[in-house]
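Here the protein sequences line up with chains A and B, keeping their order.
The working numbering applies: residue 1 is where the first sequence begins, and numbers increase by one.
The working numbering applies: residue 72 is where the second sequence begins, and numbers increase by one.
Careful, some of the hints might be misleading.
Partner residues are not named here, just some residues of chain A that face chain B (Cβ under 8 Å, in silico) [unchecked claim]:
#1 SER26
#2 ILE52
#3 THR55
#4 VAL63
#5 VAL65
Residues from chain B that keep clear of chain A, each with C-beta distances beyond 10 Å, as calculated [claimed, not checked]:
#6 ARG132
#7 ALA305
#8 GLY351
#9 ALA396
#10 GLY612
#11 VAL667
#12 ARG671
It should be emphasised that the hints constitute simulated quantities derived from the structure, not laboratory data.
Note that beta-carbon positions come from the ideal geometry of N, C-alpha and C, so glycine has one too.
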Amino acid sequence: MEKVFIALAAALAIGISALATAWVQSRIGAAGAGAVAEKPEVRGAIIVMLAIPETLVILGFVVAVLILTGG
Amino acid sequence: MILPMVQVELLGPRQLLAAALRFLQGQGVLQLREPEGLGAGPAEGHGEAPAGGEGPAREARLAALLARLEALLARVPGRRRAAPPAAPLPPPDDEALPEALDALGEQLDDLSARRAALLEEQERTATFSRLVVAVAPLHGRLEAALQPELHGLVLKRDPAALALLEAEVRRLTGGRCAVAWRELDEAQVGVLMEVPRAAGRELSALLFERGVEEVRPPGAVAGRGLVEGLLAVAGRQRAIPSELAALDAGLEAWSAEAGAALAAARDEVAAALERARAAGRCGTTRFAFVVAGWMAAERVPALRRATVEAWGDQVALLVRPPPRATWGDVPVVLRNRPLLRPFERLLALVPLPRYGSVDPTPFLALFFPFFLGLVMGDVAFGLLAAGLALLARWRRWGGAAGRDLAAVALACAGWSLVFGLVFGEALGGLGAHLGLHPLLDRRRALLLFLGLALAVGLGHVLLGGLLGVVSSARNGHRREAVARAGHLVALGAGAAALCARLGPLPPRAFPPALAVAGAGLLAATLAAGPLAALEVVLAFGHVLSYARLMALGLASLMLAEVANGLAASLPGPGGLLLAVLVHAVNFTLCLVSPIVAALRLHYVEFFERFYDEGGHPWRPFALPEP
Chain A
1 MEKVFIALAA
11 ALAIGISALA
21 TAWVQSRIGA
31 AGAGAVAEKP
41 EVRGAIIVML
51 AIPETLVILG
61 FVVAVLILTG
71 G
Chain B
72 MILPMVQVEL
82 LGPRQLLAAA
92 LRFLQGQGVL
102 QLREPEGLGA
112 GPAEGHGEAP
122 AGGEGPAREA
132 RLAALLARLE
142 ALLARVPGRR
152 RAAPPAAPLP
162 PPDDEALPEA
172 LDALGEQLDD
182 LSARRAALLE
192 EQERTATFSR
202 LVVAVAPLHG
212 RLEAALQPEL
222 HGLVLKRDPA
232 ALALLEAEVR
242 RLTGGRCAVA
252 WRELDEAQVG
262 VLMEVPRAAG
272 RELSALLFER
282 GVEEVRPPGA
292 VAGRGLVEGL
302 LAVAGRQRAI
312 PSELAALDAG
322 LEAWSAEAGA
332 ALAAARDEVA
342 AALERARAAG
352 RCGTTRFAFV
362 VAGWMAAERV
372 PALRRATVEA
382 WGDQVALLVR
392 PPPRATWGDV
402 PVVLRNRPLL
412 RPFERLLALV
422 PLPRYGSVDP
432 TPFLALFFPF
442 FLGLVMGDVA
452 FGLLAAGLAL
462 LARWRRWGGA
472 AGRDLAAVAL
482 ACAGWSLVFG
492 LVFGEALGGL
502 GAHLGLHPLL
512 DRRRALLLFL
522 GLALAVGLGH
532 VLLGGLLGVV
542 SSARNGHRRE
552 AVARAGHLVA
562 LGAGAAALCA
572 RLGPLPPRAF
582 PPALAVAGAG
592 LLAATLAAGP
602 LAALEVVLAF
612 GHVLSYARLM
622 ALGLASLMLA
632 EVANGLAASL
642 PGPGGLLLAV
652 LVHAVNFTLC
662 LVSPIVAALR
672 LHYVEFFERF
682 YDEGGHPWRP
692 FALPEP
């Protein structure tokens, strides 16, 4: 039973953070596509902005690894 | 590195200004700026019309001429300039130039109109011929005395409409007509009508009123009967291609000569326009002029020699380093060693660094491939990436940009090979079957791999902080330098204290590390205020962000394992094919995700510590490129 809770906790850690990242990226992506259409020179900045919320899921992943490995 | 620049002023008698600008434009080493210390009065000031009549009116005239030349050149087919023109156009300031452009425009209009007319006739002849050939065998004939003429239609298949059309034509001509039709294809019917010439105009009007578009007969058929029309169409069909070929040859010869003359004139006018605009930025008095600008310090001796050769002591060249207060306006030229130069492309996505700040290209060249290699970490993928990069270089894909990107890819492939050997991976776990022994098995030693990624991140962020301290100190911002140094110490010592608590460092290191971190935080707070503490917390967050290197690497490894598992569980070629496909997907993902992640780690986590953006690109006052 304990293993089930550990797996569930790890899944929640990465699942919720992935959902949060996806939601933020969808907002940035939509706005970024509009911005690039009007000013192609902001392409680089938009790529970086799109990558910024990835930190959420990365941290969720780290927490999941720590939960699974008992670290 | 950012190339050292100097501030240059060229001074001389006012009547030499036009010649001096022409000289500087030929040298192409100076970026102009507004000279300092001159008033804007009518007699003394910069921006007024200098000697030679180079004022706003001339500038407007040259701009209009340039627009006309560009428009004409866009219409000239073929290559713009194969050789210098045999008959060049008049110079930009010659009143005859607009007239010459008018004449060339008319010639081009005439040639284009003749070609368009021939093409239209060819199309009409082909359409009409198709119609006549299809329907003529069914056609009756009118007496020659009625002067019959042909009218053709292409209609949708509708027997009722065709019967109605025939009835209308017969009513109009009093029955003196011949109407025949035949299916041209599944949807269309060709209709040929022969009517007396006297009724031709009325028939055309009737068809126009009913919204039926006639197949207009070519000019050679107009007013002729069936047989004569057929003969005329056949004759034109034979003659038009040779007429077109002759016209095209004439147009090509005209384009070669006129195109070369127009291109040369366009370059001359563009250069003159640049000089006219430059004249507006020069300082002048009643007797003297001054041209000010920036140039690379390394080019000064050559310019000084050329100035003396051209003007002797009539013109003086003053050179001084740009004052620190003006560094924000100084243009930036990046100059790195050939091995590092391809990595300057990675800076294209962010604004240029400001003059006097740190050029991050060498650090990008070191860390970007390192990060990609750490994520990819696969011998097979490294070899594949190296092969693709070498192929791109050999086939010269993408020109200069492609060559640079291939060099970057080669460096990434090298690091991927190195980390592939460290992790003992080739297409995931297949490396073990090839005799690779992992020094660090990232499938099992997850925490160690995470620690490695975070250690790399800590080193990267600390290096960025160190560069920030150096940059602030070099720019004379002492408080900022102290605050950045405090952040640096607090981050480094804080990380050491954390390591002492978690195990990698001996526990006895904890108290001194904590004390040093506190001292660093205190120094940063004293220098930059209470928000300095927040900066340190953010810096820890930035270090944690490097966990993505581990996460992406592990994801890539797991995908490779899935591919290998598919090959093992599905016997036969199907499983193998599926495994190859999944490995291909994994390789593609390895090219995309780590690139974005590595760029982001540089742009956000690393550059934030020291990067001073807002540099102006180098735009020399030079002859326009042909």
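### Task
Against chain B, run the beta carbon of A/SER26 and see if the smallest gap drops under 8 Å.
17 Å, violated
### Restraint outcome when A/ILE52 is required to lie within 8 Å of chain B by C-beta distance
7 Å, holds
### Query
Should the interface hint for A/VAL65 be scored as holding, given a Cβ-Cβ cut-off of 8 Å against chain B?
5 Å, holds
### Query
Can we trust that B/GLY351 is non-interface, i.e. its beta-carbon lies farther than 10 Å from all of chain A?
27 Å, holds
### Query
B/ARG132 clear of chain A by more than 10 Å, beta carbon to beta carbon?
32 Å, holds
### Query
Does B/ALA305 sit more than 10 Å from chain A, CB to CB?
Given a closest Cβ separation of 54 Å, the condition holds.
### Given as non-interface: B/GLY612, partner chain A, CB spacing beyond 10 Å
B/GLY612 not clear of chain A: closest Cβ-Cβ about 8 Å, inside 10 Å.
### Query
Hey, does B/ALA396 actually stay past 10 Å from chain A on C-beta?
29 Å, holds
### Interface-negative label, B/VAL667 against chain A, beta-carbon threshold 10 Å
Violated, because the least Cβ-Cβ distance between B/VAL667 and chain A comes to about 5 Å, which does not exceed 10 Å.
### Task
With chain B as the partner, please determine if A/VAL63 meets the hint condition of a C-beta pair closer than 8 Å.
Where the cut-off is 8 Å and the nearest Cβ of chain B is about 10 Å from A/VAL63, the hint is violated.
#### Entry: Non-interface claim for B/ARG671 versus chain A (Cβ beyond 10 Å)
4 Å, violated
### Query
Is the shortest C-beta separation between A/THR55 and chain B less than 8 Å?
5 Å, holds
This entry does not satisfy hints 1, 4, 10, 11, 12, going by the numbered hints stated previously.
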